[in-house]
Amino acid sequence: MSDITEPGRSGRNIPPIAISRMTTEVNLTGSWKYIRPRYEDRVAPCNANCPVGIDIEGYLYLLGQGRTEEAASLLLEENPMPAVTGRVCHHPCEDGCNRANLDEPVAIHSVERRLGDIALASPPPAAPDPARDEKVAVIGSGPAGLACAYHLARIGYRVTVFEAAPEAGGMLRLGIPEYRLPRAILDRQIDRIAALGIEIRCSTAVGRDLPWSELDTFDAVFAAPGAHVGKDARIDGASDTRMVRPGLEFLKEVNAGGRPVLGDHVVVVGGGNTAMDCARSALRLGSEVTVLYRRTPLEMPAIPQEVKEAKLEGVGFRFLATPTAARAKDGSLVGIECQQMELGPPDESGRRRPVPQEEGRFSMIADCVLTAIGEDCDLEFLPEGVEISGGVAAVDELCESTTARVFVGGDAADLPRSVADALGSGKRAAIGIDHWLRERSGEEVAPPDLAALRFGPGGNLSIARERGIDPLHRASPVNEVAGWDAMNPAHFEQAPRHEDHFHAAGDLTATFGEVNFGLSEREFRDEVDRCMNCGVCNRCELCLIFCPDMAIHRRDDGEGFEIDLRYCKGCGLCAAECPRGAMAMSREES
Amino acid sequence: MKKVMIGNHAVSWGVQRSRVEVISAYPITPQTQIVEELSDMCADGRLPARYIKVESEHSAMAACIGASAAGVRTFTATSAQGLALMHELLHWAAGGRLPIVMADVNRAMAPGWNIWTDQNDSLSQRDTGWIQLYCETNQEVFDTTVQAFRLAEQINLPVMIILDAFFLSHTSEPVDLTDQEIVDEFLPQRVAQYKLDPSDPHAFGALVRPDAYMEMRWQQQEAMRDTLRVMPEVDEAWGALTGRRYGAIEEYRTEDAELLLVTSGTITSTARHVVDARRSSGEKIGLVKIKMFRPFPTALLRSALAGADRVAVLDRNISPGHGGIFAEETRSALYDVPLEDRPTLFGYVLGLGGRDVTPSVIEAIVDRTREAEAPERQDLWVGVEL
Amino acid sequence: MSQTIIKDLMPKDELLASGHLACPGCAAPVAMNLVLKALGPQTVVTLPACCWSIIAGPWPQSSLRVPLFHTAFETGGAVASGIKAGLAARGDTETTVIAWAGDGGTFDIGLQALSGAAERNEDIIYFCYDNEAYMNTGIQRSSATPWGAWTTTTPTGEPEATPKKDMVSILAAHGIPYIATASVAYPVDLVEKVKRARTIRGTRFIHILAPCPPGWKTQNDETIDLARQAVQTRVFPLFEVENGRNWRLTVDHADEPVAPYIRRQARFKHLTDEQVERIQADVDDRWERLQRRIDCGT
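Sequences listed follow chains X, S and H, in order. Each residue of the first sequence is one higher than the one before, counting from 1 in the numbering used here. Each residue of the second sequence is one higher than the one before, counting from 1001 in the numbering used here. Each residue of the third sequence is one higher than the one before, counting from 2001 in the numbering used here.
Since the hints were derived computationally from the structure, they do not count as laboratory data. Be careful, since some hints might not be right.
[Stated by the list, open to error] Distance condition first, Cα-Cα at most 30 angstroms in a straight line; then the derived DSBU-like pairs of lysine-lysine:
(1) S:1053 <-> H:2195
(2) H:2195 <-> S:1195
(3) S:1195 <-> H:2165
Since the model is a prediction, treat every value here as computed from it, not as a measurement.
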């Protein structure tokens, strides 16, 4: 205690007035908290929905940052042909888009298309160093085969692709009309894949031009032959005329440059994409086209946009109807007999089964009938040990068949038959083949952690994840999908979606030019901005703004934020206000 | 330059000569002419100050506090109710060690309404930490105003200059307005030790806990103690330039006095006449004028009064339930005087609410003080007729 | 733009330090941080008694990196006037002087000094962060407390009996050059208003609703959402007033019902549905009056 007449001189240096010379940072208010926040990125539903397994949210984020090259690179990490998928994919990514709850989904396919075209305009990639000695044979140069070859080549394997047709592309070239996928785009996309050092041997059908045994020199084989055998529509009297044709055969002819004469009235049977392609191609050859589908518009498997365009172009539709007999005269078709259908109980696909309606018969004038009710695979060329079940090969998730060394994918495995699914299949096969070869060569490799490589619980595998590439520097990611309930809609304003620009409907005769022009540059930017980056921190900094305690700071490397737990009082505002569900709170221990 | 002017204008001129930078004031009788004149001075350019015409005395002091905290010289003036309204902020000014100068024209507190002179308004603010200087003449008002700024800024305490309502505020006297160059020599521009400065940001007046509050109050008290030393130095410095000195107290004809009157304000002038008259008839009588009430000049007063037989303190104020405030403070100062030297103290309460204190009233007090055996009571009220 | 890219719009100045003593989830430091970001370091803060007297930290600390002057409860308008005059007297006319007061210091005890400053058109920005009661002293009602609210001096048996004082109209009647309401839930709007205010000379008044978890009896992480809901229910519309005229909304206001906003605050839990309806009617009435003023102004 100091003297009672003179103050003590303890060196406290107390000024004459209450002047403050230090900050409150000496108060470690973090001790007040009982819950603490953390950054915890989740998976955007678009990524989880993508059959290819593309980090869509990731490339949209990079585009939003103006990092276009990195965006393209991230896209190409998973998808060898974005200029193609941007045009022809049925984009289930958009079905999952959370933005639909606010206004409309982001036009992801349009963004992918434009980004794909940007990538296509850049110099082709250099062939990677052949890091592996093993050689892999790929049968089929469709999306599955090319994807597998692409991913394997990027790892460093030497890949040879065998293609039965004179040109590479598989169903992309044979089945998809040019007005949807210009050949120049496809050619350049394939050239870029081949530039990785992949040898593509065309007009070489394994089993026909090349015996299977010739493949013995390869360390592994990936068979992705596609589904090229049109199903029989079982129309009585069809064999009396050549004008009841498999639609796929017609498409191959047209897509190869043929311009067959079909007559004035063409009936297309089926409701899938092949049917739409047939109808719209026939329209371009000058015919009047009616699509017959045995169910209702709701059950049509075709991409809705394709149906819409078909209608706009003038294709007629008759639903709940199926052809039963062809009426031919002198080898020429004159009409078909049809049966009116109605929907009965659901079948094994879950769709309601069409059943004939009594007294519901009618006839139609038809000069040509194109049947497009599905395709089967010809898997005769596969070695005996490969188990076939239900017309497709039995394979595991990484496409490994029941025969060693042989992997099967694409339409030849049990998949939804889409370009995207084929690309995803090819990627999985590449991961499987890589692992199988490494294991065979004696490397000590753990089996791929499929759960960790998957986008969300049910998405496709990610090569970027396998390679540990994440330009977003996601923080302690959790592999669950950020659904709408994870979002804070208050931070988003409505902004209408931009739709692709289309060729004006009119006389389409003999115009096989591309009908979809995509988005303008500004619209493309708008769509990028519309992305909400569901589940992933996009550095919006709202957490930083709403933190009452100034406890959130930008990291020095610019990639995200740090929470200064010395000061964080655990109010939870950051996590509650995070627009995209990229933060979480947890209880303090003890 | 000598001018005849009322006491209120002597304040205004003191403020003008002091180059005050921010004035904030609100009208109240009887100080209003101070701020009216300052308004004119600001308007016609004689004083290039910023004048904030606030909506209350409370805001007047608040604005002065803000301006002073920004580092500039500030002034306000008030009286009675206005001063009472400021009360809380007087603490803020003093505790913040802000050298604000304020003129208080002593006026009685209501109710009932009374606009005449009385010291209860200023003395009620005794413990707010302000230096209090009571003036006797208009010249002293002018001189004290100028001195007040130097004193305030030297020790970082606010100063209240106090003048009697009407007897000074509204009474014309010749005042020598010291030339500006001389004032400038005496009083350079304020350089604040602490100020609000965005280039050197600090907080002022934050919560101070028990472990430091007392240390700050100690330093405030030290400044008050310093004032006992500094105030005469400032007075002397001014005296050296102008020839006019006042002292914290003034001893008037106290040599060998047996009876001493203790006064403040204009009563002093009246008392001087009485002292002169009595001296001329051979009475050993003198007068001690208290100019500085806070800090209280205990030692000076003790030495001035010790040895006299009787002391009559004239209070134009009352601390209800106690006594005249100057009397009680004086009595307290004399406590340490050895009993044999300690005079008997008579505390007279008079002149409240502006009642005239004429020479004959003081004559009567002198006679009574000399004749009485002892004071009948602590507070001797003069002239009360119920 | 479809989402708020806040970082592009936020000034980078960080003038509020960690370690301040606000309760968890308090809106008042969020508001201060945004305001100081908008004003920048050449700012002096006048701080009459309010929660912020504590938030700012005890001596010898300060949570602000700008000069801060603590002062008496009722003096915000006057002390700020004085500081501005003092700075200007030495030639500094650029520093922005603000008063930062709570609702008590603005609506109640500081109203006179504020009115005086506004009437004189002092060159200051007066901010009221409004948590709708005397929170620092432990939740007593003020004239900013909404009708029906519980506080410790308006117990549930006799809750707040009068509607919230219409402070903005009072200020608008002074004809000051700029008035705005702002919300911590609309940081861009808030910052734009403060920046705008900074470019204007004369008295500017910005009223910020600042939800208070302990006083409103809500969860700590609800603060921003409550502030947002107050706007979207039109309880606290966001607008600007120029020169007492030209009333203008600054964000879109949904027409959300007030009941969910009231019901999530336990300070209103004693209210019957009929009483909540009464609040709705009052909100509707005020909105209609606001609309009329907006219509007149344009």
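Do the hints match the structure? See the list:
Of the pairs offered as hints, the one joining residue 1053 (chain S) and residue 2195 (chain H) holds, with about 28 angstroms between alpha carbons and a cut-off of 30 angstroms not exceeded. This hinted pair checks out: residue 2195 (chain H) and residue 1195 (chain S) have alpha carbons roughly 26 angstroms apart, not beyond 30 angstroms. Distance check on the hinted pair: residue 1195 (chain S) and residue 2165 (chain H) sit about 36 angstroms apart at the alpha-carbon level, beyond 30 angstroms; violated.
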